[in-house]
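J.: Sequence:
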Amino acid sequence: MGHLKHEAAVNEDSIETQPASPSASPTDEKREAYEVFKLTEDGVDFRTVSWQRATIIFLKIQFAMSILSVPGSMAVLGAIGGALSIVGWDILNTYTALILGDFRNRHPECHTLADMCAELWGRAGRELVGAQLLIGQILITAGGIVSVSTAFNALSDHGACTVVFSFVAAALITIFSSIRTFSRLGWLTWIGFSTFFVAVFVFVVAVTQQKRPAAAPQTGDFELGWTAIAYPGFVAGITATANLFIFSSGSSMYLPVISEMRRPQDYRKAAILTGFLICAMYLSFSLVIYRWCGIWIATPAFGSAGTLFKKISYGLALPGLVIGVGIYQHVAAKLLFVRLLRDTRHLQENTIVHWSTWLGANLLLGALGFIIAEAVPILNYLLGLAGSLCFAPFSLIFPALLWMHDFRSYQAGSGAQKAIYGAHALIVLLGLFMVIGGTYGVAVSIKEAYASGMIGKAFDCADNSGS
1 MGHLKHEAAV NEDSIETQPA SPSASPTDEK REAYEVFKLT EDGVDFRTVS WQRATIIFLK
61 IQFAMSILSV PGSMAVLGAI GGALSIVGWD ILNTYTALIL GDFRNRHPEC HTLADMCAEL
121 WGRAGRELVG AQLLIGQILI TAGGIVSVST AFNALSDHGA CTVVFSFVAA ALITIFSSIR
181 TFSRLGWLTW IGFSTFFVAV FVFVVAVTQQ KRPAAAPQTG DFELGWTAIA YPGFVAGITA
241 TANLFIFSSG SSMYLPVISE MRRPQDYRKA AILTGFLICA MYLSFSLVIY RWCGIWIATP
301 AFGSAGTLFK KISYGLALPG LVIGVGIYQH VAAKLLFVRL LRDTRHLQEN TIVHWSTWLG
361 ANLLLGALGF IIAEAVPILN YLLGLAGSLC FAPFSLIFPA LLWMHDFRSY QAGSGAQKAI
421 YGAHALIVLL GLFMVIGGTY GVAVSIKEAY ASGMIGKAFD CADNSGS
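Under full-length UniProt numbering, the first residue of the sequence shown is numbered 1, with each subsequent residue one higher.
Hints may be right or wrong, so weigh each one.
As the list claims (entries may be wrong) - Cross-link-like lysine-lysine pairs, in silico, DSS-like; alpha carbons within 27 Å at most:
no., residue 1, residue 2
1, K311, K211
2, K311, K447
3, K457, K447
Unchecked claim - Quick list of simulated restraints, FRET-style, between CB atoms:
no., residue 1, residue 2, range
4, I191, Y450, 35 to 41 Å
5, L84, I371, 34 to 40 Å
6, E127, G415, 37 to 43 Å
7, V168, E223, 37 to 43 Å
8, H405, V168, 41 to 47 Å
Bear in mind the hints are in silico, worked out from the structure with no lab data behind them.
From a predicted model like this one, the values you see are computed outputs, not experimental measurements.
The beta-carbon is built from N, C-alpha and C at its ideal position, and this holds for glycine as well.
Based on the sequences and whatever the hints tell you, model everything.
T.: Set out below in structure tokens:
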């Protein structure tokens, strides 16, 4: 459906483009005039990302700390329910990622999803969705700070107050996110993806070699709790579903990368390859972990491998955790940076305004992420909240509405066109269900966790790694 011809009229601030040939053409030149970052030999050249490097950046956006919460969701939904959720969400999220990329390339003046929503709702849409993007990315940053502080606690046997470790985590993430261009981030992203993949692989192998899960009773009989089909209550089920949804829902983070690609037309290659690889990794790893750990899965999951392998896994994963979360904070900072400096010389020139705006945005976001991490210091709930409140609209509702905007002529088209249009309306309804149901489920879960003592007080020094 992503290849359907763009038939709708566009406003005077947008242009319609067809796939360009490698050689320059009037269409290419017109597109360049609308690009946020210009090809330049003076100042900062942001347009240096190949589609291969974009793929690695996309993989690191998606293959991150959410893998540590997926096995726990499997334990709630069962092997079949969890596997179907992973595959289904990945297919749908990859398709909506293509919608976003195609829309952006038809409207190259769009830098983020907020700019796209301005096509639907004007300036109010841009500002509201921009704020929502920042909230979602701050929640992800907070989840990353929790994960990194957990790693420090695991590696040091709780050698310091968790608040101190969280502060160090926020500082490291902010240092990484402050690297200005995705091209330079790309090289470090290779390192982050590789180390995190190896860490997860070592952990998966480790759990298959245990006589019983580390979190299970170590003496006497115990019930593994593995089941093909589970029947959870609504709150537990929708919270688990929200956690599985978010693993492949980061396509709104792809959009600023397109603005820094040498050839934005190559975006589809990177998005499709990323969707396939992410689904394969999440499905295989989570099924193996669930098969060997059953219901005895720690949160985050590395705690299920026992003390030694938990330390090994966290040690290997630490660079990947910092880099992965740093990309999310980088995208949020870039949103603020472009929003404030767009169409000024400071956007691509090394001025005091340029640097103070860029570094100030990163410091602000790092501080907010730290505060939220200390208020809700449980990874699953932070990811579930981000998935329901923010990433369900980003990956389901808004892409479908953007497609319906550009192809609104399908409402009065052939039977097939009406059916396609209706399918996108169903995606909107699914997104609304995830927003309402998911947010309710996560809110109830957080309330119950506080009541039961699972979540400690805010700014708590207690160990969060189970060491």
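J.: So the hint says 41 to 47 Å: do the beta-carbon atoms of H405 and V168 match that?
T.: 45 Å, holds
J.: How does the Cβ-Cβ distance of I191 and Y450 compare with 35 to 41 Å: does it lie in that range?
T.: 37 Å, holds
J.: Within a Cα-Cα threshold of 27 Å, do K457 and K447 meet the stated pairing?
T.: Since the Cα atoms of K457 and K447 sit roughly 13 Å apart, the hinted pair holds (cutoff 27 Å).
J.: Given the hinted pair K311 and K211, is their alpha-carbon gap at most 27 Å?
T.: 19 Å, holds
J.: Is 37 to 43 Å a correct range for the gap between the Cβ atoms of E127 and G415?
T.: 39 Å, holds
J.: Going straight from one Cα to the other, do K311 and K447 come out at no more than 27 Å?
T.: Distance ~31 Å between K311 and K447 Cα, so the pair is violated.
J.: So the hint says 37 to 43 Å: do the beta-carbon atoms of V168 and E223 match that?
T.: Roughly 39 Å apart at Cβ, these two residues keep to the hinted range, so it holds.
J.: Indicate whether the distance between the beta carbons of L84 and I371 respects the range 34 to 40 Å.
T.: 37 Å, holds
In summary, the one numbered hint that this structure violates is 2.
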